[in-house]
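Note that the protein sequences, when read in sequence, are chains A and B.
Quick note on our numbering: the first sequence kicks off at 42 and runs consecutively.
Quick note on our numbering: the second sequence kicks off at 42 and runs consecutively.
Please keep in mind that the hints were generated in silico from the structure rather than gathered at the bench.
Some clues are possibly wrong.
Intra- or inter-copy, both count: the list cannot distinguish identical chains.
Simulated crosslink set (SDA-like; lysine to any residue; CA at most 20 Å straight-line) [unchecked claim]: (1) K161 x K324; (2) K161 x E249; (3) K97 x Q144; (4) K324 x L286; (5) K61 x D350; (6) K61 x T188; (7) K97 x D367; (8) K61 x E394; (9) K97 x D371.
Protein chains: 2
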Amino acid sequence: MTTIHPVAGVRIGIASAGIKKVGRKDVVVFELTEGTSTVGVFTRNAFCAAPVIVAKENLARTQPKYLLVNTGNANAGTGSPGIQATQATLACLADATGCTPNQILPFSTGVIGEPLPVAKIEAALPAVLADLSADHWLLAAEGIMTTDTRPKVVSRQVEFGGESFVITGVTKGAGMIRPNMATMLSYVATDLAVDTALLQQALVRAVEQSYHRITVDGDTSTNDACTLSATAQSTLPRIESDNELYQVFCTALDDVLLELAQMMVRDGEGATKFFQIEVSGGKTEQECLDVAFTIAESPLVKTALFASDPNWGRLLAAIGRAGVQDLVIDDVTLHLNDVLIAEQGRRADSYTEEQGVAAMAPTDVVLRVSLNRGAAQTTVYTTDFSYDYVRINAEYRT
Amino acid sequence: MTTIHPVAGVRIGIASAGIKKVGRKDVVVFELTEGTSTVGVFTRNAFCAAPVIVAKENLARTQPKYLLVNTGNANAGTGSPGIQATQATLACLADATGCTPNQILPFSTGVIGEPLPVAKIEAALPAVLADLSADHWLLAAEGIMTTDTRPKVVSRQVEFGGESFVITGVTKGAGMIRPNMATMLSYVATDLAVDTALLQQALVRAVEQSYHRITVDGDTSTNDACTLSATAQSTLPRIESDNELYQVFCTALDDVLLELAQMMVRDGEGATKFFQIEVSGGKTEQECLDVAFTIAESPLVKTALFASDPNWGRLLAAIGRAGVQDLVIDDVTLHLNDVLIAEQGRRADSYTEEQGVAAMAPTDVVLRVSLNRGAAQTTVYTTDFSYDYVRINAEYRT
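Full structure from sequences and hints, please.
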């Protein structure tokens, strides 16, 4: 486990409200110090959950002092009573802390369509607030888990001109994982002071190359959200322009989010493989993305991956249906790790089945697709489709 | 089993060439009488197999006298040697029958990327030709099977003005099933005489509402083809315009292709359910299709279906990410069979879990989605995602 650096200005409290399972830690509160800037990105699913609607409204209005998260219930598919339920929990936390309800961002994850158990959450809030501590990032990562099998936290301390800053983030999500966003909640904080517009720009850019580049099953959740808070507690100067410190911050943020995103893929429901798909030589990044996601979401590719079968025919078939205009399949080359497996629309002459089997054997497999028609490229991360994926999703909710 | 009506002017021969398994019937030839008009539709996968390339060329050039089909090897991902292999089999059949190679349409299905065993196919052709009979439609349906568990043949005799005509068709396909087209080969014939342009128009229309409305796993094959031959042996007048007989023919053809398409879904790899998704109230048919296919291909919906779980939250989540512009999820209503399960973005007040469980229990489940924003509608057919789907596709080729 990486060293987890607390972020000055952030305290975290966790408690058990018994929302779905008795004794399970299922309510997490992040307290953000005065002067913190927070930005966020949210699911693009038209069917978005009540807390997402409220969080977006509140974030547009003012800077939040608290993030209130529950698991066990997504408060999605709950209509206007769901909005009221969310507002009730915010009012209760606002009363207890002396802020206003719109200074709190709500987040929920778990079962869709069940009424949010407001009274249980309210009853747990005193314990959550009594638990507030700067050292609770790992507990927060555990507190937001649903079908995840392990907590996901990434932390970096970055030196800059003899001083340093910190970025620490947690995420959750294992199924219903698809860019825009995954079934994920992610909370990231830094002790830097950053202009809000620049902070938003940094988050959008980092999310684009991380959470928007992973897929487990192609489904987009109703509840996804990722926030980034800058607490302004570092001794480094406030970032007001696209300067050197901002670039260093952005690079570190990209790194943290990519590592969190990859953790989600590795912990994907039923995952036995980590499949990195690098598509290069496209005319545009979009056509590289189309090819990469068509491969990543093909059930035939994913079941072959589960079987460690170097089934390049299924790969070419997926590329061929990705909708790339005037694609010449004979120009495409495929490598598994460093083994050339297909070119000129067929198996490479140099290829042997033994090489393919060896390339597919490890947990981590890299597929390199070159379209050989341009200079654009992208990378996407996914998992295989296993018996356990079916079991988990057939049994969940029963 | 339905009565199978032979089509005057079509004879079918089947034999075993031992392409993949010794003793398995794997070569089928359709002989089409002089004066037959044949039209076809083919896969839109940019990575299309050698026989598809050759069949399209030959069909554009002249009317075929023979259709030559093999299973056990798709001759896809074989590059220019694959084209030469296909041409070699055509030359051999042309020699044996006295036609020219371009009067034959080739079709292959099976493993991708292995060289076509030309010598085996050539060696089997005398037995195939000796076997030619008008009564071999069921044997043809068996001869083109790959992972199918049962033959698929549909036949209709249609009365018209005291006379009658026949439409009989066979199809195969169980996985890699996605519109445009499925992993399917389909051969349909009628004894009517039909102008070629009208015949093509009838086929395209019927395919649009049948083979292009089914999905098992969202993958599009490299080898799909559907042909329709009109042998002109019926006593009914030749169809030269969009007259009453043409309308009757089109309706019967639609019916035959829809039944064949539904047979493919019911025999989908690992299928335990037949899921009919009716989307109505769209502004355009395309947005209805987007919603229907997003539901049909959602692994979360398909695993819930496998579990007979009325998980309407996953249904709304799929609808919400289907990309419909300005969709108001609160306007959407969902029925499972006749049970209203969700409206106003949430579970219907009248809904009980018992009703939902009862609706999901049968093999056949109808989902009705109303978008309530227009007059367009469509229907799509799919199956669930089961352990057996994973097993079949993880084990295939090993």
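Evaluated hints:
no.	hint	verdict
1	K161 x K324	neither (54 Å within a copy, 43 Å between copies)
2	K161 x E249	neither (36 Å within a copy, 53 Å between copies)
3	K97 x Q144	within (12 Å within a copy, 65 Å between copies)
4	K324 x L286	neither (33 Å within a copy, 50 Å between copies)
5	K61 x D350	between (39 Å within a copy, 19 Å between copies)
6	K61 x T188	within (13 Å within a copy, 42 Å between copies)
7	K97 x D367	between (41 Å within a copy, 18 Å between copies)
8	K61 x E394	between (49 Å within a copy, 18 Å between copies)
9	K97 x D371	between (47 Å within a copy, 19 Å between copies)
Figure legend: structure checked against the earlier numbered hints; hints not met, in rising order: 1, 2, 4.
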